[in-house]
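There are 2 protein chains.
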Amino acid sequence: MYRNHTCGELRQAHINKEVLLSGWVHKLRDKGFVVWVDLRDRYGITQLVFDEERSDISLLEKARKLGREYVIQVKGKVIERASKNPKMPTGDVEVLVSEITILNKALLPPFTIEDQTDGGDDLRMKYRYLDIRRNPVKNNLIFRSKVAMEVRKYLSDQGFIEVETPYLIKSTPEGARDFVVPSRMNEGQFYALPQSPQTFKQLLMVGGLDKYFQIVKCFRDEDLRADRQPEFTQIDCEMAFVEQEDVLNAFEGLVRHLLQNIHNIESGPFPRLTYDEAMQRYGSDKPDIRFGMEFGELNAIARHRDFQVFNSAELVVGIAVPGGAEYSRKEIDALINWVKRPQVGAKGMVYVKCNEDGSFKSSVDKFYTSEDLAKWAEATGAEAGDLICILSGETDATRTQLSALRMELAERLGLRKADEFAPLWVVDFPLLEFDPETERYHAMHHPFTSPKPGQLELLETDPGAVRANAYDLVLNGNEIGGGSIRIHDKDIQATMFRHLGFTPEEARSQFGFLMDAFQYGAPPHGGIAFGLDRLVAILGGQETIRDFIAFPKNNSGRDVMIDAPSPIDEAQLEELNLKLDL
Amino acid sequence: MYRNHTCGELRQAHINKEVLLSGWVHKLRDKGFVVWVDLRDRYGITQLVFDEERSDISLLEKARKLGREYVIQVKGKVIERASKNPKMPTGDVEVLVSEITILNKALLPPFTIEDQTDGGDDLRMKYRYLDIRRNPVKNNLIFRSKVAMEVRKYLSDQGFIEVETPYLIKSTPEGARDFVVPSRMNEGQFYALPQSPQTFKQLLMVGGLDKYFQIVKCFRDEDLRADRQPEFTQIDCEMAFVEQEDVLNAFEGLVRHLLQNIHNIESGPFPRLTYDEAMQRYGSDKPDIRFGMEFGELNAIARHRDFQVFNSAELVVGIAVPGGAEYSRKEIDALINWVKRPQVGAKGMVYVKCNEDGSFKSSVDKFYTSEDLAKWAEATGAEAGDLICILSGETDATRTQLSALRMELAERLGLRKADEFAPLWVVDFPLLEFDPETERYHAMHHPFTSPKPGQLELLETDPGAVRANAYDLVLNGNEIGGGSIRIHDKDIQATMFRHLGFTPEEARSQFGFLMDAFQYGAPPHGGIAFGLDRLVAILGGQETIRDFIAFPKNNSGRDVMIDAPSPIDEAQLEELNLKLDL
Numbered sequence: 001m002y003r004n005h006t007c008g009e010l011r012q013a014h015i016n017k018e019v020l021l022s023g024w025v026h027k028l029r030d031k032g033f034v035v036w037v038d039l040r041d042r043y044g045i046t047q048l049v050f051d052e053e054r055s056d057i058s059l060l061e062k063a064r065k066l067g068r069e070y071v072i073q074v075k076g077k078v079i080e081r082a083s084k085n086p087k088m089p090t091g092d093v094e095v096l097v098s099e100i101t102i103l104n105k106a107l108l109p110p111f112t113i114e115d116q117t118d119g120g121d122d123l124r125m126k127y128r129y130l131d132i133r134r135n136p137v138k139n140n141l142i143f144r145s146k147v148a149m150e151v152r153k154y155l156s157d158q159g160f161i162e163v164e165t166p167y168l169i170k171s172t173p174e175g176a177r178d179f180v181v182p183s184r185m186n187e188g189q190f191y192a193l194p195q196s197p198q199t200f201k202q203l204l205m206v207g208g209l210d211k212y213f214q215i216v217k218c219f220r221d222e223d224l225r226a227d228r229q230p231e232f233t234q235i236d237c238e239m240a241f242v243e244q245e246d247v248l249n250a251f252e253g254l255v256r257h258l259l260q261n262i263h264n265i266e267s268g269p270f271p272r273l274t275y276d277e278a279m280q281r282y283g284s285d286k287p288d289i290r291f292g293m294e295f296g297e298l299n300a301i302a303r304h305r306d307f308q309v310f311n312s313a314e315l316v317v318g319i320a321v322p323g324g325a326e327y328s329r330k331e332i333d334a335l336i337n338w339v340k341r342p343q344v345g346a347k348g349m350v351y352v353k354c355n356e357d358g359s360f361k362s363s364v365d366k367f368y369t370s371e372d373l374a375k376w377a378e379a380t381g382a383e384a385g386d387l388i389c390i391l392s393g394e395t396d397a398t399r400t401q402l403s404a405l406r407m408e409l410a411e412r413l414g415l416r417k418a419d420e421f422a423p424l425w426v427v428d429f430p431l432l433e434f435d436p437e438t439e440r441y442h443a444m445h446h447p448f449t450s451p452k453p454g455q456l457e458l459l460e461t462d463p464g465a466v467r468a469n470a471y472d473l474v475l476n477g478n479e480i481g482g483g484s485i486r487i488h489d490k491d492i493q494a495t496m497f498r499h500l501g502f503t504p505e506e507a508r509s510q511f512g513f514l515m516d517a518f519q520y521g522a523p524p525h526g527g528i529a530f531g532l533d534r535l536v537a538i539l540g541g542q543e544t545i546r547d548f549i550a551f552p553k554n555n556s557g558r559d560v561m562i563d564a565p566s567p568i569d570e571a572q573l574e575e576l577n578l579k580l581d582l
Numbered sequence: 001m002y003r004n005h006t007c008g009e010l011r012q013a014h015i016n017k018e019v020l021l022s023g024w025v026h027k028l029r030d031k032g033f034v035v036w037v038d039l040r041d042r043y044g045i046t047q048l049v050f051d052e053e054r055s056d057i058s059l060l061e062k063a064r065k066l067g068r069e070y071v072i073q074v075k076g077k078v079i080e081r082a083s084k085n086p087k088m089p090t091g092d093v094e095v096l097v098s099e100i101t102i103l104n105k106a107l108l109p110p111f112t113i114e115d116q117t118d119g120g121d122d123l124r125m126k127y128r129y130l131d132i133r134r135n136p137v138k139n140n141l142i143f144r145s146k147v148a149m150e151v152r153k154y155l156s157d158q159g160f161i162e163v164e165t166p167y168l169i170k171s172t173p174e175g176a177r178d179f180v181v182p183s184r185m186n187e188g189q190f191y192a193l194p195q196s197p198q199t200f201k202q203l204l205m206v207g208g209l210d211k212y213f214q215i216v217k218c219f220r221d222e223d224l225r226a227d228r229q230p231e232f233t234q235i236d237c238e239m240a241f242v243e244q245e246d247v248l249n250a251f252e253g254l255v256r257h258l259l260q261n262i263h264n265i266e267s268g269p270f271p272r273l274t275y276d277e278a279m280q281r282y283g284s285d286k287p288d289i290r291f292g293m294e295f296g297e298l299n300a301i302a303r304h305r306d307f308q309v310f311n312s313a314e315l316v317v318g319i320a321v322p323g324g325a326e327y328s329r330k331e332i333d334a335l336i337n338w339v340k341r342p343q344v345g346a347k348g349m350v351y352v353k354c355n356e357d358g359s360f361k362s363s364v365d366k367f368y369t370s371e372d373l374a375k376w377a378e379a380t381g382a383e384a385g386d387l388i389c390i391l392s393g394e395t396d397a398t399r400t401q402l403s404a405l406r407m408e409l410a411e412r413l414g415l416r417k418a419d420e421f422a423p424l425w426v427v428d429f430p431l432l433e434f435d436p437e438t439e440r441y442h443a444m445h446h447p448f449t450s451p452k453p454g455q456l457e458l459l460e461t462d463p464g465a466v467r468a469n470a471y472d473l474v475l476n477g478n479e480i481g482g483g484s485i486r487i488h489d490k491d492i493q494a495t496m497f498r499h500l501g502f503t504p505e506e507a508r509s510q511f512g513f514l515m516d517a518f519q520y521g522a523p524p525h526g527g528i529a530f531g532l533d534r535l536v537a538i539l540g541g542q543e544t545i546r547d548f549i550a551f552p553k554n555n556s557g558r559d560v561m562i563d564a565p566s567p568i569d570e571a572q573l574e575e576l577n578l579k580l581d582l
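Protein sequences, first through last, are from chains R and Y. Each residue of the first sequence is one higher than the last, beginning at 1 in our numbering. Each residue of the second sequence is one higher than the last, beginning at 1 in our numbering.
The hints are simulated quantities; they were obtained by calculation from the structure and are not laboratory data. Hints may contain errors.
Taking lysine-lysine and the DSSO-like style, the derived pairs with C-alpha atoms no more than 27 Å apart in a straight line are [as the list claims (entries may be wrong)]:
(1) R/Lys490 / R/Lys286
(2) R/Lys138 / Y/Lys490
(3) Y/Lys27 / Y/Lys153
(4) R/Lys153 / Y/Lys27
(5) Y/Lys105 / R/Lys75
(6) R/Lys286 / R/Lys330
(7) R/Lys452 / Y/Lys126
(8) R/Lys146 / Y/Lys153
(9) R/Lys490 / Y/Lys126
(10) R/Lys65 / R/Lys105
(11) Y/Lys126 / Y/Lys138
(12) Y/Lys27 / R/Lys75
(13) R/Lys105 / Y/Lys490
(14) Y/Lys105 / R/Lys490
(15) R/Lys75 / R/Lys31
(16) R/Lys65 / Y/Lys138
Listing some non-contacts, in silico: residues in chain R with all C-beta distances to chain Y over 10 Å [unchecked claim]:
(17) Lys347
(18) Asp419
(19) Pro523
Chain R stretches covered by chain Y per the calculated footprint, using a threshold of three residues with CB under 8 Å from any CB of chain Y [to be verified]:
(20) 430–436
(21) 476–485
From the three backbone atoms N, C-alpha and C, an ideal C-beta is built for every residue, glycine too.
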């Protein structure tokens, strides 16, 4: 037996007990006549003590020579500490060691195993197994496991069945972002790795499984962006005999369960915004509503003067920044420069200071009266002491720019609180979006999404205006889940493929199997998918998902030797009947 | 809203309620003046009734035209049935329909959606989404989900953390059975799909995660056998600071939890057999101990006469078949022919009938006395009325043959009961096995398995005799899990690689990352892995695991179009810098 207690367990009640502990040497303080060792395991740290009076001298000598991160086992008696450490759960006691066994030696770690480490990102990646010993990373992995377990508990209790769908699937033409897998047993043939189990879960609905979920890896062979990985994990769900309302209720329940069981937060009904409302009020389809600063549209009240910038703009829109009237000229100039950065792209910014005395001071004072500015303040909800920031131009671009400014200012003002959670639904997304490059409409969600009832005809006349039975679950400015009610009728699905520019042959070769299945009694169905790591990161109050992944990639997509691609040898290529063509 | 009740829900208490149901038309009986429709969903079947007296005539006409597997929604009133069906949970009531909506039509299914279907295997595979509508298949999927959930609950409650390890991993030379995945982003380079997360979980132990588990897909590019799939699911577990005893206790707890929570069966401590004992007593390292019929070795008591077959044999061994003294000459001849089949491979069989009157009748009466045979009966535990079957020859082969006979006879005698569960541990497996073809020793488990304490030296002198800290969990004659205490010392690991015939360079290139990690303070650790589908099948009293997999392969490894490999087009090959070399 290596231990009968963990290093996070001992308390006053254990005093005088003989215990057996194992763990890593976290820290060693040698005061000559006494040596203290902090022994660490996953569960905590326990202080060991060796001293001249009470310990065998050879033991003291042995302790003195322990290195950082040595793996040791000790036997000893729990005693009360002379100077207690109230910050440590085990801080009331220490273990007076009578026996010590070195289980494994350790080289000096390349960075310190502390909450605040001196290791840079690359080093931490390379020695990921050492980074995981640090509390912040370890706790994130534990937290991720807990969230996944709570998801499963809730969905199982609600009657969802977890079904594993295949990873080695049929490859289809135009599977541009598919990873492919040559099959040794079938010469010249390839499997694909699924980008999502979308068609499988729809087949399970045709199969009558009624409520399905799966926490599942998905694969995309594409450029690595900051929070994208070639493999990522999805909470994938589908229900039969449901309308949008049923799906929203079911998964609002899931997120409510998580907030309740993880943060002990009771949440009321989630607000619902249409896509159009969200764009109008926040300039974003994933608004952060932990704070206000809603958009005020000023078109009607800012176009009656000689200010050509506003008069020629499609949209004039502002937000009120709490306390911003105090900003110095320099600070405001910096804000203007911030919105003019290429990443944001505004041409400029008009501002209005709403002074405490009720007067206004603006960058367009020569065009507008105080009465004009008072109306702007009303439209943006600005109060005395606030600053109104106004952008103008083409509608979509201007909203995106002002949304960026809103988020930046909220961040600076500390309004994006990590321990506050503001979920909402965004619904009624456009079914299609126009791609100016290919001059074609693409499915905004995916080609299986159904249009809103009664809008099928609109597809012929005004495709861009068609709204979909599609919804996103947004949490703190992040899209954590998205889904739709699917098409379950073969003919409507065929119509949809036609509008998306598929020839009947293309539709057949890529999705024929699903369309065949629809002929045998497909129920109405719909679902949702969540990005597990993003959900976990946001629930954990983090901005990056990297630490939640045990073996993450670094920015170049290469990692700690274990999950980087490598050349394979000639013999293997030959066996696979492949040649490289470099 | 599509329904306010499921089709499995309505009871006497619902009589007179207005309800909304949706589901599939399971069956239709048209008696002219009355039409009954069985409406089916995942949860059950509810009888709908339409009749001339109480229903609108147009409604009756509409009902009459419904086809099998049509998806419909009905509104109606729950009424008491005239003739109740006690076999159906909903059999006391029916729904008098007032409105009917056809949600989707259906082609006639190619086989009947009944517990006993008329569909052959290939047809059921091709239309898997229809097969899933049948109770036996659907219930298996639900059962699988339940088992996986119970596994997770137990392990989470015991402090195990589920960590997802990567699927796109570094490919290593000699990864003969690896699927490889060409990377679009890294020309000429390949990922491999993991055959198991073995090295990752060991790294997590080095990382201090202490208790890890994962229900995870594994991949092997090899010939498809009856219960092998190119992708299969493993319950993968690892613990730090453990000896074999700790691991056995932890996972005995898991299986006990499953038996308790799934079958309400309390099980005592699991028996433990060493590999040598198991081979000696049952001729198998995965004995079915739901029944006796243990081997009795007869060498000492069968070699003192002139019977050369026994005198020249390395092993003479028998089993007692309960009630077998009644077998006719013809039945016994059939048994002898059975053991002589090439699949079993015995040269012949000696038998002894233990008659009810205490006398013996054997096929070797001219060589042996009644006193001899009485000793054989004692050694095999045969009682009056039993038949002793005796095989002889080279030890290993003879044991395997007699084990096959034991299992076959138990099957015929109904001793392998589906609702009885007899788990046991087999421990102390040989560390290495000799491959006569390559004339080399191979790791029986894998190269990370540690030898028994004190046996490291034996590696140099008698490698075949070294026993390992390796164990299998056996249930009803199936190995459901296997694991070992790992080597955690870099030098011992290097020694092991050398004994397995790896050059230092090969060891470095394949396992260098793990050996590097061992230098930074690796704790003692060990673990186990279970085949999920086999576990589920055996817990479910099934012999085949096929139905537990939502999208199984058929025998040729090809399936319902969705997970078969296919050719990919030239453009895709070009983009991957690959050429086919057929």
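- prompt: Hint numbers the structure violates, sorted upward?
  reply: Hints 1, 3, 4, 5, 6, 7, 12, 16, 19, 20 and 21 not satisfied by this model.
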